[in-house]
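A.B. asks: Chains S and F supply the protein sequences, listed in that same order.
Each step along the first sequence adds one to the number in this note's numbering, with nothing skipped, and position 137 is 137.
Each step along the second sequence adds one to the number in this note's numbering, with nothing skipped, and position 103 is 263.
Think of the hints as simulated: they come from the structure by calculation, not from any bench.
C-beta: ideal position from N, C-alpha, C; glycine also.
Among the hints, a few may not be true.
[To be verified] Derived Cβ-Cβ restraints for the label pairs, each shown as a range:
hint : chain 1 : residue 1 : chain 2 : residue 2 : range
1    : F       : VAL172    : S       : ASP91     : 43 to 51 Å
2    : F       : GLN192    : S       : ASP102    : 25 to 33 Å
3    : S       : SER62     : F       : TYR199    : 16 to 24 Å
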Amino acid sequence: MVNAWIWNWEISIPSRPQAGTDLLEEMIQQLEKRNWLPHDVFGIRLAAEEAIVNAIRHGNQSDADKHVHVSLKMTETRFRLEIRDEGPGFDPTDVPDPTEDDNLEIPSGRGIMLMRNFMSFVEYNETGNCVIMEKERGQGNGDAQDSTQKDTDDEPDPLV
Amino acid sequence: MSEARHLEVANVGDVTVVRFVDRKILDEANIQQIGGELYALAEDDSISKLLLNFSNVEFLSSAALGKLITLDKKSKTKGSVLKLSNIKDEIMEVFRITRLDRVFDIYDDETDALNAM
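Taking the hints into account, I'd like the entire structure generated from these sequences.
C.D. replies: Below, the structure written as structure tokens:
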């Protein structure tokens, strides 16, 4: 049953700083409970943090009346995040490359690059207000050992 | 200078060595405060050599990188020296991915950095 979701969680959080803290802590606990490698957990946390901050600040413009909708799903071998804001969306190709010499000393604009580097897959919806990211589980000493704790029975979408 | 709450500041010879109290440099309010405390050190005329020791830091986001870039600019403007040390592997990967390892002068440990000051 390597393709079945063994954990999923959907939640909407308000557009204010630190609103995602509890959500991220729970996500990390779930990954660590299933022995994901520390490097994977670091990367997923960083990507989630960057995406939520972008959704709150840039997507929802920190408007307290708007929410960020987060969906987290895990199989034994991959972790999937969908983070959607209520803003008009943006074109990710318009974001300048922060590693270009001329941009190296600009203090912002590195979040998306970090998401793409630490995750296995990153895609935006057509509107540009929802990012979908997946992380393939790394190989090492963190083999899953608890496939009996299944919270849900729904089958995951095939990996895009 | 206002009292630093997120930084431990010590003098080693003529070098001001800064350690971060927080293990995670994450949420916006914390990052703003840490940035403010770092900028105060960079703008202090009695300080000409600054070493940031990251040994306590397990996680930081791109917003924290932004504060470090601004700190680097302030240090260069003033003509003071800024070096970084003791950065954990995963955070070092963040610096490499963003090519900020080319912007900052980074050393494996504090002794190496102090010797290079």
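A.B. asks: Which earlier hints can't be squared with this structure?
C.D. replies: The structure breaks none of the hints.
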